[in-house]
Amino acid sequence: MFLKVKNIKFIKLFSFVIVVFFSGQALAHHVLGRPAYSLNEDSNTPPSMQVETQIGSYFVTYMVYPAFPRAGERGRVNVYASRIDDGDSYGGKMFFEVKNDVMFGDENKELLGTQSIDDGVYRQGFIFKEDGDYIITASFEADGEPYIIDFPLQVGEGSSMAPVLIALAFIVFALISVNVLQRRRLMREKIRSVRNNESQSE
Amino acid sequence: MTHPGLPEYWAFVVWGFMVLLSIGLLLKINFSRFSFLNKKTISLYQIKFVSPVIVFLTQSRWLILVLKLVVVALFLLVIYAGLMGTPVPERNIATVLTWNIWWAGLIISIFFLGSAWCAVCPWDTLASWHVKPRFWLKKYSLKINNSLEMTPPKWMRSVWPALIMFVGLTWLELGYGITTSPYMTAILSLVMVVLAVISLAMFKNKAFCHYICPVGRTIGFYSQLAPVELRPVDNDICTDCKTMECFTGTELVDACPTQLVMGRLTQNTYCTSCGNCTQSCPDKNVAWRIRPQSQEAIESAKPHWDEAWFMLILLTLTSFHGITMMEFWEDNLRKFAQIIGDSGQLLVSFSVGLVLSVLIPVGIYALAIEITRRWSSSSSGKDLGFKKIFTSLVFVTLPLAFSYHLAHNLNHMIRESVGAGQLFLNPLGSNVSYSGVADQLLIKNSMLLSENNIFILQSVLMMFGFWIAIKVLQRRTEDLNIKSSLHLLPMLIFIVAINSFHIWMLMQPMTMRVGALCVVPASL
Numbered sequence: 001m002f003l004k005v006k007n008i009k010f011i012k013l014f015s016f017v018i019v020v021f022f023s024g025q026a027l028a029h030h031v032l033g034r035p036a037y038s039l040n041e042d043s044n045t046p047p048s049m050q051v052e053t054q055i056g057s058y059f060v061t062y063m064v065y066p067a068f069p070r071a072g073e074r075g076r077v078n079v080y081a082s083r084i085d086d087g088d089s090y091g092g093k094m095f096f097e098v099k100n101d102v103m104f105g106d107e108n109k110e111l112l113g114t115q116s117i118d119d120g121v122y123r124q125g126f127i128f129k130e131d132g133d134y135i136i137t138a139s140f141e142a143d144g145e146p147y148i149i150d151f152p153l154q155v156g157e158g159s160s161m162a163p164v165l166i167a168l169a170f171i172v173f174a175l176i177s178v179n180v181l182q183r184r185r186l187m188r189e190k191i192r193s194v195r196n197n198e199s200q201s202e
Numbered sequence: 001m002t003h004p005g006l007p008e009y010w011a012f013v014v015w016g017f018m019v020l021l022s023i024g025l026l027l028k029i030n031f032s033r034f035s036f037l038n039k040k041t042i043s044l045y046q047i048k049f050v051s052p053v054i055v056f057l058t059q060s061r062w063l064i065l066v067l068k069l070v071v072v073a074l075f076l077l078v079i080y081a082g083l084m085g086t087p088v089p090e091r092n093i094a095t096v097l098t099w100n101i102w103w104a105g106l107i108i109s110i111f112f113l114g115s116a117w118c119a120v121c122p123w124d125t126l127a128s129w130h131v132k133p134r135f136w137l138k139k140y141s142l143k144i145n146n147s148l149e150m151t152p153p154k155w156m157r158s159v160w161p162a163l164i165m166f167v168g169l170t171w172l173e174l175g176y177g178i179t180t181s182p183y184m185t186a187i188l189s190l191v192m193v194v195l196a197v198i199s200l201a202m203f204k205n206k207a208f209c210h211y212i213c214p215v216g217r218t219i220g221f222y223s224q225l226a227p228v229e230l231r232p233v234d235n236d237i238c239t240d241c242k243t244m245e246c247f248t249g250t251e252l253v254d255a256c257p258t259q260l261v262m263g264r265l266t267q268n269t270y271c272t273s274c275g276n277c278t279q280s281c282p283d284k285n286v287a288w289r290i291r292p293q294s295q296e297a298i299e300s301a302k303p304h305w306d307e308a309w310f311m312l313i314l315l316t317l318t319s320f321h322g323i324t325m326m327e328f329w330e331d332n333l334r335k336f337a338q339i340i341g342d343s344g345q346l347l348v349s350f351s352v353g354l355v356l357s358v359l360i361p362v363g364i365y366a367l368a369i370e371i372t373r374r375w376s377s378s379s380s381g382k383d384l385g386f387k388k389i390f391t392s393l394v395f396v397t398l399p400l401a402f403s404y405h406l407a408h409n410l411n412h413m414i415r416e417s418v419g420a421g422q423l424f425l426n427p428l429g430s431n432v433s434y435s436g437v438a439d440q441l442l443i444k445n446s447m448l449l450s451e452n453n454i455f456i457l458q459s460v461l462m463m464f465g466f467w468i469a470i471k472v473l474q475r476r477t478e479d480l481n482i483k484s485s486l487h488l489l490p491m492l493i494f495i496v497a498i499n500s501f502h503i504w505m506l507m508q509p510m511t512m513r514v515g516a517l518c519v520v521p522a523s524l
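Chains A and B are the protein sequences, given in the same order.
Mapping the first sequence onto the numbering used here, position 62 (from 1) lands on 62, and the numbers just tick up by one.
Mapping the second sequence onto the numbering used here, position 110 (from 1) lands on 110, and the numbers just tick up by one.
Just chain B, same shape as in the assembly (with noise of 0.2 Å):
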């Protein structure tokens, strides 16, 4: 089945902004000034009736623990209902829970509250109750400790790992084709808690969360882009502190999953959320507090090599996604299947078109860059050097993945969670029949918003990433002293083509992840 794509006028209307930012942009105007809060942030501490809940949600370790309860016991569920229920993916919780609930619903989460699955994941929290599970009594705390705690060698210090771990999680996705099966969602349920058990295990912290998790790394630089983060209230308590037990621990709270130090924390990346440091700060200077959108993605992320091809590959990945449900992917993957002479389940030809899917923007962007590079050294007399400009510029492509993420699950949720309630009361779904036209009518008349709501939602989303990535180009350029509108115009082109090609990939039919979930008597 397929969800209708978005209908022309809505793309008109965004080429027709994007036009008018583009023009902006090589006119100089400085887009800053109409930033919503324009760079102000306000800690959720500081409002008045605000205050006492945020304290209580960092401050209880028991919520948190409650939370991971829920999650592993839904994450238990999904083993469970894979391993011993229907193979029919839509029927089946496994597949409707894992890949059209959480899998759309972690993206948009991130939107409101970065990183804050991570805080609750059960793969992690899997390990650490195996691992290092910690027992309170009171003001007492017992931990035993199973891990070797190595320290992680040196090639796995980055975000390399994740990336080909990423990288592999879309191939099983789209190409071996997990989603539509429940068995196969509760394998990958199993190997990722196996994983992180291994790495707890073996290393000190948690490397897994670091630099292995697919998904954490996706949730890191993505909430780049998120209006919150965990930030110290005074800075000025954080210089002056001498025991950093952000960075250390305590004898009841664990020490920061990512060894961050709260004090010089400028970035999102690597904060997976867990309120360690806001219990374990002995002056309760640590607080959630509320940015301005994407200001972290504009300004203040520091640039490094391995995290800039993890966010490059991030939007060829995410642009795939979308490429692999149109209906042209089918016939022209066949077709290809045909010429080379690949059978059986397609897997060459797929993987010939991944690695062209990912090369291909690759390449844009490198050549891009170098003309950019070459362009602003003849004219300054100055090169900045490949590599710099590379890794700064890269952050453009945060926002044009996110919004295109965001938009292409709002399809998935909002079409295919239809009736997901439903099969909380039959989770293997059980004696249920296919969906069919019956789903189908069902569907359009029971979505949460309707149709037309989700194409204003895509458009404003298309809108949204366009405008942060033109703020992105304008101030890290400014950064690299590239002053010349001129010298704009490549990565410009750039960011115009990416975004177009995600508008058209809106406007097509898009086939359902794992089918519809209305659960209709097996008479139908």
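Chain A on its own, in the form it takes in the complex (with noise of 0.2 Å):
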């Protein structure tokens, strides 16, 4: 269903911080949550990842069941959201969509599924053929205002060895800075030194 993901989770660091600190004003309606892993001791049932999470006038919950789905697994997303003031349940159409988690190139948005509200919870279901990382965006809107709940997804093993060449590149840029610079010192006592031998032989 998906194309084949570059794993580019190294620069999830980088977007993480630009998350938490740019954007204030646009957490208010537009969250992007990394999910709390628990294991659940009651049962042999694989654990979910879920988050609860306060935008806008809504308090929302979301659930993904399995945390860590592999491809060819069937999964699901339940989403709740409940008015802050009052505790009433939102009760319109909520949209879920996927899109490829990568900083740069193709997202490759799809639709899952548009789904009404069912004994208090949307529940959408979902099956990945590849592995990859993705982002699973619920959307709603309520008193004219969109509200978009955005949550990363790993599905299956990791596959990149992309940060290894990107720390090896760091290191080599170092030394290979260094060395410049211990040349161009060299070079200039070298210099300094010819200069001094040259104003005492005169």
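There could be a bad hint or two in this list.
Straight-line C-alpha distance at most 30 Å; calculated DSS-like pairs for lysine-lysine [stated by the list, open to error]:
(1) B/Lys154 - B/Lys388
(2) B/Lys284 - B/Lys302
(3) B/Lys302 - B/Lys154
(4) B/Lys143 - B/Lys154
(5) B/Lys335 - A/Lys93
(6) A/Lys109 - A/Lys93
(7) B/Lys204 - A/Lys190
(8) A/Lys190 - B/Lys132
(9) B/Lys302 - A/Lys190
Hints listed in this document are in silico derivations from the structure and should not be mistaken for laboratory results.
Predicted model only: the values in this text are computed from it and were never measured.
Combine the two chains into a complex, taking the hints into account.
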């Protein structure tokens, strides 16, 4: 169903910092949460990822099951949204989309489905054909304002050695820079000593 | 999943012990008389059968090289598994080896071996291999130096950078949740290596180990409580020494990475146990020796302002580690997040919790110091000064932090390392399932120590921490010429309060760091 995603999670750290520090206003209606992983000690069922969050006038809880799905494995997202002031559940439609979790390149956004409330919960199933990093977006509109909730989802095992290459590039760059500076320093010392010798001989 | 807490009866045993010692302190009983070795140190070179082994261990550069190779191999495995393996933390060797075994075991190793870890640290080893590789051929060596050898700027020559790094690491570990992410664990490992390389490429000696590394400084301060030290065999030889190879190095052996002069060495704080001094000394005058546990913190370590803050914040962050693994933490964090309108990963709420957890004990300590200062100055007529008392008495925090750290880590080590060996067969955790009830049963039945033994050890450790803290208080106040028992009361209350809080935390069910390790078939 989806294209294989190039795993470039190394930029997540930077994007995370940007999200935390530079999205104060956007936080009101747009949430990028990294759900907490918890084990269920009462059963052998796979654990889920769950996050509770406040956006705008709503208190939203979303749950991804299983926490770490594999390609070809059936999973689902449950979203609960209730008003902060009176606790009333949101009753309109909720849209679920998915896109590749990439900083650059093709996001390949696709609609997963549109869901109506069912027993106070919005349920959206999914099956990923290929491993990779995705972002599932749940969105709805209330009081004329859009509400968007993003949550990243890793499907399958990691597959990128890119951070190692970046680290090596840093190290090589540092060593080359140091070598260049050292050569310059040596050259300066050589020139200085030659000049000193010349001035002494004069 | 959670671990069961310390039973009440064990907690009461520790509290009873604390009450007795507190009364003893106020009655001016001299606790230094009850020391195991009573100020005696034993040079391992002077023990007949141990001596040849110690000589081999300290003089052989091959042994340490082999150990470094093993540790580097494991470190590279962590990075590979973190990047390429399963995201399920308890099934990936990256998270298990880093957080359950290394991070928990490291603190336990200090109790016996001091700063031995620093000698084989993969961050520094990889940095040295990149920047200052050295090749030996019998008695010759070729050293390549790719460092600018700059002197670190003045602001950097303290433990403040390491302290900032330590707070940052705690935030990443507990706030961002690196411990439950194999991928981020691998990224952190890479970042530390890059930092070590850049530091070594820019500055002379090992500025990273000396000033920046949060792990190295934590080990250094805790090593004041260790029963081992590298010291001169004969002080007179050091006094007469004109060449100081331990400080300058030789053709074959590097200089001391943290610029210590063996003849003047009185504390372990900056010793990385690298063994350069034992190899470079032409008189073979440097040796490992055994000393009374914690002797350094009790009497010989010198107080410094930046180091005092490191020790104090080390205590607060150690307690904070425990707090975040309590069940009440999550509930209260959510409630607080609702009040301030925090959302997503609740990082703002977490950061506020972190700051409060640091500020509250620091405030209580500062208050205890200020009361001590006022009382002592009003009775003696001489004001010792806040800073002097603050830096002198801060050593009480070391045993309190260390004992709780050990007791807390015992849970992680003993309970969560069950089945760790199997992870080496499948380090990437491919095709294994999550942990569940089956794992919990396996953990309970195959722990290295029985649950009751863990509780006994935890109780003993908490008593040990309190005992050492009281001895530190007694000795350091003597040095400050604070004689009245009443004047010890504020600090005694501080020690009792912190240790009691730690015991209370040990009594609570504790959340696992990365979950159970037992590898169960996917069908389960």
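Right, here's what the structure says about each hint:
1. Note on B/Lys154 and B/Lys388: the hinted pairing holds, with a Cα-Cα distance of about 22 Å set against a maximum of 30 Å.
2. With a C-alpha separation of about 27 Å, the suggested pairing of B/Lys284 with B/Lys302 holds against the 30 Å cut-off.
3. In summary, the hint linking B/Lys302 to B/Lys154 is supported, as the alpha carbons are separated by about 20 Å, within the 30 Å threshold.
4. This hinted pair checks out: B/Lys143 and B/Lys154 have alpha carbons roughly 28 Å apart, not beyond 30 Å.
5. Of the supplied pair hints, the one linking B/Lys335 and A/Lys93 holds, its CA atoms being roughly 28 Å apart against a limit of 30 Å.
6. About 19 Å separates the Cα atoms of A/Lys109 and A/Lys93, which keeps this hinted pair within 30 Å; it holds.
7. The hinted pair formed by B/Lys204 and A/Lys190 meets the criterion: a straight-line CA distance of about 22 Å does not exceed 30 Å.
8. The suggested pairing of A/Lys190 with B/Lys132 holds, with an alpha-carbon distance near 24 Å, which does not exceed 30 Å.
9. Annotation: proposed proximity of B/Lys302 to A/Lys190 is violated, straight-line Cα distance about 45 Å (limit 30 Å).
Going through the hint list in order, the structure does not satisfy hint 9, though it satisfies all others.
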